[in-house]
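Student: Each chain, letter by letter, is given below.
2 protein chains.
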Amino acid sequence: MATNNLEEIEFTANHYSNLIRDERYNRLTKEHVEYFKSILPKDNVICSLDDSEETKKELLKYNIDWMKKYRGQSQLVLLPTSTDEVSQCLRYCNENNLAVVPQSGNSGLVGGSVPVFDEIIISTKAMNKIIDFDDVSGVLTCNAGCVLADLEAYVEERGFMVPLDMGSKKYCCIGGNVSSNAGGLRYLRYGSLHSNVLGLEVVLANGQVIDNLSKLRKDSTGYDIKQLFIGAEGTLGIITNVAISTPRKPKAVNAVFLSTDSWENVQAIYKTAKEHLQEIISAFEFFDEDAYSLVKQHMQLQVPLKEENKFYVLVETHGSNKQHDNEKLHSFLEAIKTSNVAREGYVSKDDQQTRSFWIIRESVPVACSKNGAVFKYDLSIPIAQIYDVAIYMRKYLKEANVYRPGDETSEVINVAAYGHIGDGNIHINISCKSYSEEIANLIEPEIFYWTRDHNGVISGEHGLGLMKGKYLAISKPGSMIRIMESIKNILDPNYIMNPYKYLPKKRITRLSDIRS
Amino acid sequence: MATNNLEEIEFTANHYSNLIRDERYNRLTKEHVEYFKSILPKDNVICSLDDSEETKKELLKYNIDWMKKYRGQSQLVLLPTSTDEVSQCLRYCNENNLAVVPQSGNSGLVGGSVPVFDEIIISTKAMNKIIDFDDVSGVLTCNAGCVLADLEAYVEERGFMVPLDMGSKKYCCIGGNVSSNAGGLRYLRYGSLHSNVLGLEVVLANGQVIDNLSKLRKDSTGYDIKQLFIGAEGTLGIITNVAISTPRKPKAVNAVFLSTDSWENVQAIYKTAKEHLQEIISAFEFFDEDAYSLVKQHMQLQVPLKEENKFYVLVETHGSNKQHDNEKLHSFLEAIKTSNVAREGYVSKDDQQTRSFWIIRESVPVACSKNGAVFKYDLSIPIAQIYDVAIYMRKYLKEANVYRPGDETSEVINVAAYGHIGDGNIHINISCKSYSEEIANLIEPEIFYWTRDHNGVISGEHGLGLMKGKYLAISKPGSMIRIMESIKNILDPNYIMNPYKYLPKKRITRLSDIRS
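As they're listed, the protein sequences go chains A and B.
Per the UniProt record's numbering, the first sequence runs over residues 1 to 516.
Per the UniProt record's numbering, the second sequence runs over residues 1 to 516.
Careful: at least some of the hints might be erroneous.
Identical chains share a label here; the pair holds if one copy fits it or two copies do between them.
What the hints assert, rightly or not - Within a straight-line C-alpha distance of at most 27 angstroms, the following computed DSSO-like cross-link-like pairs (lysine-lysine) qualify:
| # | residue 1 | residue 2 |
| --- | --- | --- |
| 1 | K395 | K30 |
| 2 | K215 | K271 |
| 3 | K215 | K376 |
| 4 | K42 | K296 |
| 5 | K337 | K322 |
| 6 | K296 | K433 |
If you are wondering where the hints come from, they were derived from the structure by calculation, not from laboratory data.
Bear in mind that the values here come from a model prediction, so they are computed numbers and not experimental data.
Isolated chain A, as found in the complex (with noise of 0.2 angstroms):
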């Protein structure tokens, strides 16, 4: 996990002992690479059943994750420049019983983009080109694998901002973006991609594409499909097009930093700033002690304050006309300091320190993963309870005896919470000095479980993948799971699309009852 070397990160399959490759899945071979290369472009065929190092080399970085956590041992990645093209991947694939593993921009944190074993990578970074934007309805029509940064420079100089954003942009791409759900850090006043997307081009396992590139803000005609590979992270089929609203981009961003002593006064933080700050509410983040500890060594940031203090959130307004929202701002602060929840705050002077406000946050999830290894998770949880996860996690931590503040040889050396609160998504990253099996099995599936016992899902953005498949039923009720399987079987009833992750039981009854 540490190392930079990529050949020598371990793969996936020894780390999770009770993944076992499905030997029902055919194992690539030249013939089936042949028929790649008829169909597609000579460059868009990386394959390294041939041997050579070069090849291995370029293998390596769709194999492995950008946390260097995962690693699968795929020999073929496909690069289609177009949906006919993908389709005609899949169709072989599923004909051939080849397992596929979807992948755009890698950058997911749940390992779900990288193969477990041989799984054929197909890449949409091939097919990246704006297709339409129309500038009254704000609607951009794109393939899915453009990247979320490029995108967003796209639609910002024709007035309009993507409605997700994250640290990952230059990386991520929108395919990958819808494939997993994304919230990010516009999501308190944007909204979901349930609601921001507006249409999907969509191939399924067999190859049959679904045309529901729709451009339309409402539509009332049938079950909405779309919606079923909204999160399904590549298990039902590939998006290829993606159209998405895209809003005005505001003509005055603000912020505000402030500090305070208790999860009590977040929350009536928070009420404040709703209740102030109504329309021009963009954000409301938080970080705590334990995550400033991280961001101060490793960093070398400091929090624009006077004082330490025991949460700091940072509070962002987009709007149209900079006066107002600067008077509504100080309106909120001078709120808050008559009901004493804050001890200090600051609005942001100019843009150069709303700008300085969010380094800070941003750095955050960026030190938590200086120590060595971190254990990163993303709880949805309702707001009252949200921060007890981590008094939780430290406690039980201290008490398995892994966790000894103040000892150097301690196997783990922070619990940092941090994340959007005004989306009741908490972030918990547990960084360590090195990754370890018995870490891992002490705190999953325990912290899901918590989770759980308090009325929270296991992700509320990064997804489920290799990390967290196998807990879906934490999170969801068994008939629920059982319709998910359903529409599994629909959709990709061989089981080719990503496997090993989502719902794996039902694959295996399913490709017996093929083979009997």
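Following the hints, put chain B in place on chain A, whose structure we already have.
Tutor: For chain B alone, coordinates are given in the frame of chain A:
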């Protein structure tokens, strides 16, 4: 359609000669009724099998929709008081092959909530309790039978508002709103039910309860199954409980009323509004001169302008600071006047005037119904072409010689257009003296084909129901309809839920499968 004597209203089945009762559904017997009486409170089983005139009269209210356009022949209404009772009712119906129509407010516009033949009506009207309201997150949890206006009153007292509003709010229930994927007047700002509905509890046809009554804003754990029930119009199950996100009630509500002479100008005004009123715009509504002529004639209302014009636009804002909003509205009006896209326009002076602007807009659909019969459409079309459908339909009906403006004997009296331009959703109301199958067959499917050919869909917010169920293929490709059919097969394998509307073909195939 125009009679006030409910008993004179013709049966739907007589109107539509293509509808034939599916004899594979069992007919109601006294034994069935005895079972329902054994599980439900005495007054919650209304049955006309005993030939009592009183119950027959009572049943009319459930068999006929509010427009008095559709009339079913059900002999039994069930009013369960709990999820468990709904479950028992459905399980029994499923086991006994009895067709069912779910109903709540019965205020739909497409005949989706009334039976066609003798389907048993299961009404959620006796399930109308608010379960829970969280004033930090704004999440409201309630029974499906809660009336929308009651929910509005409840959350408004607590400083919040429901994110949807429509003319029928005193009658419609939240379960029906969700089932028909209702849109309404606040959609532009507060978005779709696909994002505002956080959780649903649903009873499937076989009585199984799907507990997905989540109150979380974010959830990335598996396929978002609840989305399938949003807009399913009761064909997949009965929604029993809803958790919905409610925004803060605005402190300031303002409006602008203006007129202009071309559709290009309406679009220019919309773009200017989005630019100047970005974060505070809450509605952008329009109606045309034809709609206005009916408002003047039937409602004796006048627009608050010196001169008449071709198009009238109502822009509403929701904000937290009245003075700020007023300044923004005046700068918007200034920009409109400078660019010369509107002739006349005024900002409302006070809440009373804001209300008076809305009364005019809201009187449009009422006025359209005053001529006798009205054919109502809720098309979703890209904004640039949206008004062309009104122009086209007028020309088309004139060429067919049924629309002869100025001629008192003209079958078609008026073709009015109005709606939610910001959402790309137009209402076309074709007023006639009386209902005529000839006119109906002239309009449909012509208006739907035009919509499809201009990248639109045949329903933006009313749903399909009986009226448009058979035209689903005009809006959705075959590949998507097949997925819908598969989902129907999974969740309602005996096709007992709301038959004769959605996806009838498959139902017939399926039942014969079962019998053979």
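Student: Each hint needs a verdict: does it hold in this structure or not?
Tutor: Now the hints, each set against the structure:
1. K395 to K30: neither (55 angstroms within a copy, 63 angstroms between copies)
2. K215 to K271: between (35 angstroms within a copy, 17 angstroms between copies)
3. K215 to K376: between (36 angstroms within a copy, 23 angstroms between copies)
4. K42 to K296: Classified as neither: same-chain Cα gap 49 angstroms, cross-chain 69 angstroms, threshold 27 angstroms.
5. K337 to K322: both (22 angstroms within a copy, 24 angstroms between copies)
6. K296 to K433: within (18 angstroms within a copy, 77 angstroms between copies)
Taken one by one, the earlier hints fail for this structure at numbers 1 and 4, listed in ascending order.
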